[in-house]
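Peer 1: Protein chains in written order, with the working numbering: chain A, 2 to 708; chain B, 35 to 92.
Don't read these hints as lab results, they were simulated from the structure.
Simulated restraints on C-beta separations:
#: 1; chain 1: B; residue 1: F55; chain 2: A; residue 2: W605; range: 54 to 64 Å
#: 2; chain 1: B; residue 1: T65; chain 2: A; residue 2: V501; range: 15 to 25 Å
#: 3; chain 1: B; residue 1: E77; chain 2: A; residue 2: R462; range: 33 to 43 Å
For every residue, glycine included, the Cβ atom is placed at its ideal position computed from N, Cα and C.
This is what each chain is made of:
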Amino acid sequence: MLMQPDKFYYDNKIVRNFAIATIVWGIVGMTVGLLIATQLYSPSMNLGNQYTTYGRIRPLHTNAVIFAFVGNAIFMGVYYSLQRLLKARMFSDLLSRIHFWGWQLIIISAAITLPLGFSTSHEYAELEWPIDIAITIIWVVFGVNMFGTIIKRREKHLYVAIWFYIATFVTVAVLHIVNSFELPISIFKSYYVFAGVQDALVQWWYGHNAVAFFLTTPYLGMMYYFLPKMANRPIYSYRLSILHFWALIFIYIWAGPHHLLYTSLPGWAQSLGVAFSIMLIAPSWGGMINGLLTLRGAWDKVRDDVTLKFMVVALTAYGMATFEGPMLSLKSVNAIAHFTDWIIAHVHVGALGWNGFLTFGVLYWLIPRIYKTELYSKKLADFHFWIGTLGILFYAIPLYWAGFTQGLMWKEFTPEGLLKYANFLETVTRIIPMYIMRSIGGAFYLSGVIVMAYNLYKTMRAGKLVSNEAAEALPLLKETNEPSEFWHRRLERKPMTFLVLSLVVILIGGMVEMLPTFFISSNVPTIASVKPYTPLELQGRDLYIKEGCVGCHTQTIRPFRSETERYGEYSKAGEFVYDHPFLWGSKRTGPDLQREGGKYSNAWHYNHMMDPRTMSPGSIMPAFDWLIDQKLDTTNTTAKIKAMQTLGVPYPKGYAAIANRDLDKQAKAISANLAIDKIKVSSDREIIAIIAYLQRLGTDIKNKPAK
Amino acid sequence: MFKQFVHSLQGDEIYMLLSLFIFLAFFIGATIAMIKMKKSHLEYMSDIPLNEENAKSN
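If we strip away everything but chain A, and leave its shape as in the complex, we get (with noise of 0.2 Å):
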């Protein structure tokens, strides 16, 4: 019997949709984001109000870079892929629709709300909780219009690319989820359901798997797809991205606690964190090898293929990041490292490197194809790939600098055993100049994207869009299972049992680190004389999570003499056990702040908040007068108590109701001791509760009980 083909259409518009979104975002995030590098050497640059402050913009750089930009990059090129992978149109146009505009109303409302101040503080899922409830339909969305292709597909087996796809969904609902749980006070408020050390865990688990599988797998699902398209070849080792494959997706979801070494994590979760963290060296490799040993013999194309060239950087930045990490992973170089910019410049070799370029690389070759046209200027695309990969040198050299000049100045002691540079505002200002060099090669970067932009729309103008391009394929047969036949390749029919072996895969790693030290008490050993917050204090932290503080100031300190010198006494779990959520952060652009309380008297905080270069001059801290203007609102705090008492916060019972009385009587001896420096302020301002906090800090273990 003859079969006949099946003809249907792919779904092009879609693919352009994503990518207008992608470009979109992508030159909104990067501009945020040099606005935010030019703050950190001009403090003129916070525009004078809250909205536009270091704190609050800068989640909003890193929300929309990841989530916005790369983020619609994936979709697009997901979208593209699959269906020719699969030889199938979309499951249904209608999800495809929702997906893309409902992704973009969430980007809209972080991009609304992170300036206004509703953060939870968790790095890269500061988002609040309603907008988590939508982030969690859209991609149970894209989920099912992923799933609903896979199932009418004309090809039997699953190609590597879609096993990253199929991966990357099913790890990025479970991270957002468990890193979602919040019990919610208000419309735009709730509270970590865990606290301190636990909620540290969660965290750095999410926020290591966010790098792993949202800009790592679907972004390699991506170049093994995109790569043998553009070279023209196959893939170098189909055997390699196998094994590459399950290495990756098991290996990667147990190295979070390398952001925690030295904190008052468990050692025995740490040292997990660390070794998986170096083993991840050989699949990332593996996967950065077969990306480039696809071009063996088609480096001639290389020269004269833009599209070529963005991949083979996008590579080569993939593979020295993810050489990079293992290494930052080692607890000695960690030491020097952690808290410095030397992170933010690995972090960028691989958002600029593996992720833009490769971004770009997809855009290039993509938009002429479903337009159906030549590219506008292959000059042009030329100049981006310089521009652009001058802008990650100029980026990232001097941030390895400054990362290097600080690490090594916060440790160095005077041959009298007294640290050389007592004062921490003197390591800032040594690395200003790497700072503003910073955000030149940034803005080189951005430029190039600009170009690109024009590139393209003027590509898109030339040509007509293929919103429906034919294609025909036959019908997929009944499924016979050759008794012989080998099980992977069985599996690779099997979507659904991929899925859920994918997902007990991921799952192994995050129980095996999370489960001990949740259900474990001696994991966390508790200390008499931590006590809850009071409810001022409370009210003060909560602006401190609003104002983002934690964006630059750690409450960490770690068992060095360098650091115990400068800060105080190490931190202890038992100190962080009523932290909802814990607020220990990543880096120290300011000094830690875990020991502040008591260190300066509430007329220096006062002033220093009002203007911080009145205290500390050459500071680049931003000013935050508004505190003092602004009254505090206590309307929330019963419900606050309140939901500090459901988490297992032990105020004492009916406290609630009379929290504010407490407030106020706090509130109060504050403005009367600021008075006798003469600063006359109302008991009721936002500035009153956050010196509340910052004097509470780190005071509780110094209060030893009474024996």
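Mind docking chain B on chain A? Use the hints.
Peer 2: Only chain B this time, still in chain A's reference frame:
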């Protein structure tokens, strides 16, 4: 280092050793699987992205 690491676990050695075992079993299993794969199938799989143009002319 590993000894010290297991000793600080207070009775959870089994847990740790099991995860090490899973890890080793995974790589040994994967290596055997790789070796046993048929070349014709590997070629078929790696040609999928390049075959789509042919699909239209079928």
